[in-house]
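**Student:** Since the structure of chain D is already known, use the hints to place chain L on it.
Quick mapping for you: the protein sequence lines, in order, are chains D and L. Position one of the first sequence corresponds to residue 1 (our numbering), numbered consecutively onward. Position one of the second sequence corresponds to residue 1 (our numbering), numbered consecutively onward.
No incorrect hints appear here.
Chain D is nowhere near these chain L residues, computed Cβ spacing over 12 Å in every case:
1) Asp61
2) Arg63
3) Asp155
Derived list of chain L stretches under chain D, where covered just means 3 residues or more per stretch with a C-beta under 8 Å from a C-beta of chain D:
4) 133 to 147
5) 225 to 237
6) 254 to 264
I should point out that these hints are in silico values taken from the structure, not numbers from a laboratory. Where is the CB? At the ideal position from N, CA and C, for every residue including glycine.
There are 2 protein chains.
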Amino acid sequence: MSGETIISVDAMGGDKGPAPIIAGLARSARKDPSLQFLLHGDDEQLAKLLRRRRVLRERVDVRHTTNVVPMDIKPSRALRTGRDSSMWKALQSVADGEAKIAFSAGNTGAIVALAMLVLRRAPGVQRPAIAVHWPAENAEGHNVVLDMGADIRADADTLLQYSIMGAEYSRLAMGLAKPRVGLLNIGSEDMKGRQDLREAKDLLEGFVTEGNAGFEFLGFVEGNDITTDSVDVIVTDGFTGNIAMKASEGTAALIRKAMKDAFTHSILSRFGALFALGSFNRLRKRIDPRRVNGGVFLGLNGGVVKSHGGADALGHSSAIHLAAKMALDDFPARVAARLANLNSRSASQAHEATSGAGEA
Amino acid sequence: MSGETIISVDAMGGDKGPAPIIAGLARSARKDPSLQFLLHGDDEQLAKLLRRRRVLRERVDVRHTTNVVPMDIKPSRALRTGRDSSMWKALQSVADGEAKIAFSAGNTGAIVALAMLVLRRAPGVQRPAIAVHWPAENAEGHNVVLDMGADIRADADTLLQYSIMGAEYSRLAMGLAKPRVGLLNIGSEDMKGRQDLREAKDLLEGFVTEGNAGFEFLGFVEGNDITTDSVDVIVTDGFTGNIAMKASEGTAALIRKAMKDAFTHSILSRFGALFALGSFNRLRKRIDPRRVNGGVFLGLNGGVVKSHGGADALGHSSAIHLAAKMALDDFPARVAARLANLNSRSASQAHEATSGAGEA
Numbered sequence: 001m002s003g004e005t006i007i008s009v010d011a012m013g014g015d016k017g018p019a020p021i022i023a024g025l026a027r028s029a030r031k032d033p034s035l036q037f038l039l040h041g042d043d044e045q046l047a048k049l050l051r052r053r054r055v056l057r058e059r060v061d062v063r064h065t066t067n068v069v070p071m072d073i074k075p076s077r078a079l080r081t082g083r084d085s086s087m088w089k090a091l092q093s094v095a096d097g098e099a100k101i102a103f104s105a106g107n108t109g110a111i112v113a114l115a116m117l118v119l120r121r122a123p124g125v126q127r128p129a130i131a132v133h134w135p136a137e138n139a140e141g142h143n144v145v146l147d148m149g150a151d152i153r154a155d156a157d158t159l160l161q162y163s164i165m166g167a168e169y170s171r172l173a174m175g176l177a178k179p180r181v182g183l184l185n186i187g188s189e190d191m192k193g194r195q196d197l198r199e200a201k202d203l204l205e206g207f208v209t210e211g212n213a214g215f216e217f218l219g220f221v222e223g224n225d226i227t228t229d230s231v232d233v234i235v236t237d238g239f240t241g242n243i244a245m246k247a248s249e250g251t252a253a254l255i256r257k258a259m260k261d262a263f264t265h266s267i268l269s270r271f272g273a274l275f276a277l278g279s280f281n282r283l284r285k286r287i288d289p290r291r292v293n294g295g296v297f298l299g300l301n302g303g304v305v306k307s308h309g310g311a312d313a314l315g316h317s318s319a320i321h322l323a324a325k326m327a328l329d330d331f332p333a334r335v336a337a338r339l340a341n342l343n344s345r346s347a348s349q350a351h352e353a354t355s356g357a358g359e360a
Numbered sequence: 001m002s003g004e005t006i007i008s009v010d011a012m013g014g015d016k017g018p019a020p021i022i023a024g025l026a027r028s029a030r031k032d033p034s035l036q037f038l039l040h041g042d043d044e045q046l047a048k049l050l051r052r053r054r055v056l057r058e059r060v061d062v063r064h065t066t067n068v069v070p071m072d073i074k075p076s077r078a079l080r081t082g083r084d085s086s087m088w089k090a091l092q093s094v095a096d097g098e099a100k101i102a103f104s105a106g107n108t109g110a111i112v113a114l115a116m117l118v119l120r121r122a123p124g125v126q127r128p129a130i131a132v133h134w135p136a137e138n139a140e141g142h143n144v145v146l147d148m149g150a151d152i153r154a155d156a157d158t159l160l161q162y163s164i165m166g167a168e169y170s171r172l173a174m175g176l177a178k179p180r181v182g183l184l185n186i187g188s189e190d191m192k193g194r195q196d197l198r199e200a201k202d203l204l205e206g207f208v209t210e211g212n213a214g215f216e217f218l219g220f221v222e223g224n225d226i227t228t229d230s231v232d233v234i235v236t237d238g239f240t241g242n243i244a245m246k247a248s249e250g251t252a253a254l255i256r257k258a259m260k261d262a263f264t265h266s267i268l269s270r271f272g273a274l275f276a277l278g279s280f281n282r283l284r285k286r287i288d289p290r291r292v293n294g295g296v297f298l299g300l301n302g303g304v305v306k307s308h309g310g311a312d313a314l315g316h317s318s319a320i321h322l323a324a325k326m327a328l329d330d331f332p333a334r335v336a337a338r339l340a341n342l343n344s345r346s347a348s349q350a351h352e353a354t355s356g357a358g359e360a
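For reference, chain D alone in the conformation it holds in the complex (with noise of 0.2 Å):
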């Protein structure tokens, strides 16, 4: 399988069982000929599955297991229980370097337990983050939103590694060269208190002033730049970035329900909708939130990809096609490096201030 763009996958995680995950495997392949994956599973249900899959036929290398890690575990309790689950292997698969992603739809809690454990942080990584594409209005139709609930903290330090793992992604996953960041903050003046923010905001123009930062910081942003293109990657503690997440989603869920109301609500009001019937697929490919799939853990020894646990085939396509493009370019190698960077700068730092402390 060498030479190819391998996936180490979780093919039991997700709240439907393997069936979406092998159809969303299946799209894949048929769009990318050089994807191949590594399956953690169960070998009977999966060869059950894959005999339908003409496409994945020669592309698939089955290991079979029969844990899984339930989707409504805590995650102290996958610690205990989780070992040589389908999880814990298509994480130990990129820990032994098989593949260099992993991609799973199960429980989030569980998968970022589980990858600390098994693929450990990488060099100089306080702490990991979850980074999601948000929708937006720009090019790319969306934006780069961390820390979406590895870890309801965050102080000025880890905001700076955030913003630098971050911008890294946004340059892989939208192609950006340049990428502006911003930090999430309320709007007004006086409120602007929480000492954390503004330490991270001096850190972070004390940082990119230096040069070769690779990303330009805007400052403080709001709540309501998060789906405009004035920014491209918004920076926050795991505890804000997941309500910001959820709350959106109700907002999205209610507008969409309001939406088909007001069409089903008569018969000329079915007519109509049936004559919009073009604009009304268009809306909904644009909203549609299966195709900004893909939550990205970034800061460990090798890549993880992780999709919605309800996703269906199209869902989990989108995550494996986001998996295959941080493969495709050793991802994790290209942040570790970064983030190295950093960390010979403050260790030369503090250096420096310890030389000065012992020369005063």
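**Tutor:** Below, chain L alone, put in the same frame as chain D:
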């Protein structure tokens, strides 16, 4: 003007000057013949606008002032320069007992700062909060969410007070006998780790168990619950609340834009849109942010309703409707009574604890 519902209006606040505010007042006055207004602002400008508004004749009392708090001012500066501004005087009329509720579309931070100074906190209130109506999938069409940014932090005691104030407010605004209150948190079990949130949950569970809380406590809710009908009052700190609100506003704006693009994409889609016009307008009405306009400051000696700075007559009118409801119901006094209950309870508990210690 006695016997009527009197609202004290900052006629000069907002992005577009007094014109849309006067238009909003006229709209409200037509609907509710009991409304009377104290108008604070520039005599000459207001006289010109009032000349065209027959319905407001005999129902406004103009109090001349030329000082206006600018929209882009910092709260600290508003405190230094805002004395005798239209905003200040609108609040002062409430402090003096001329009106029960003040209305302003000015800078939020400035209103918070001036209201704290002029009206002061109600007895026993640690931190006032801003509550808003959040579009939701229930019969009322919205839930209540607080705090939206009166303060950037909230400890467990403050979150308990927010819950009490928010529940009382939802009784008024949504007519609920026993509102369901939820604490905003993030999903994963192990992530539910923020100490202050776990403390607040314990505190609220204890408070509700004692009876007489007047609301049901649901425990933790997530961001995507806000728009559902599974909860009525969502409680969080002002930082998180503000970011969740603005992120959701951004998402709604993005979808509105995508909708417009989709339906003007081709001749056929324009034709379809024409047929679907009725559905379209119904939909627009349902997701129209102007119809749920109005943030409310809770926990002061007197009520303050904040309208959106960029609102038009319809938006202001819906905020004025809210203000009228609060005035009629003597809402600030009701909230004060609820909190006085809490405080006498805490005081007696503290007393018990002290006497307990004395006996030991």
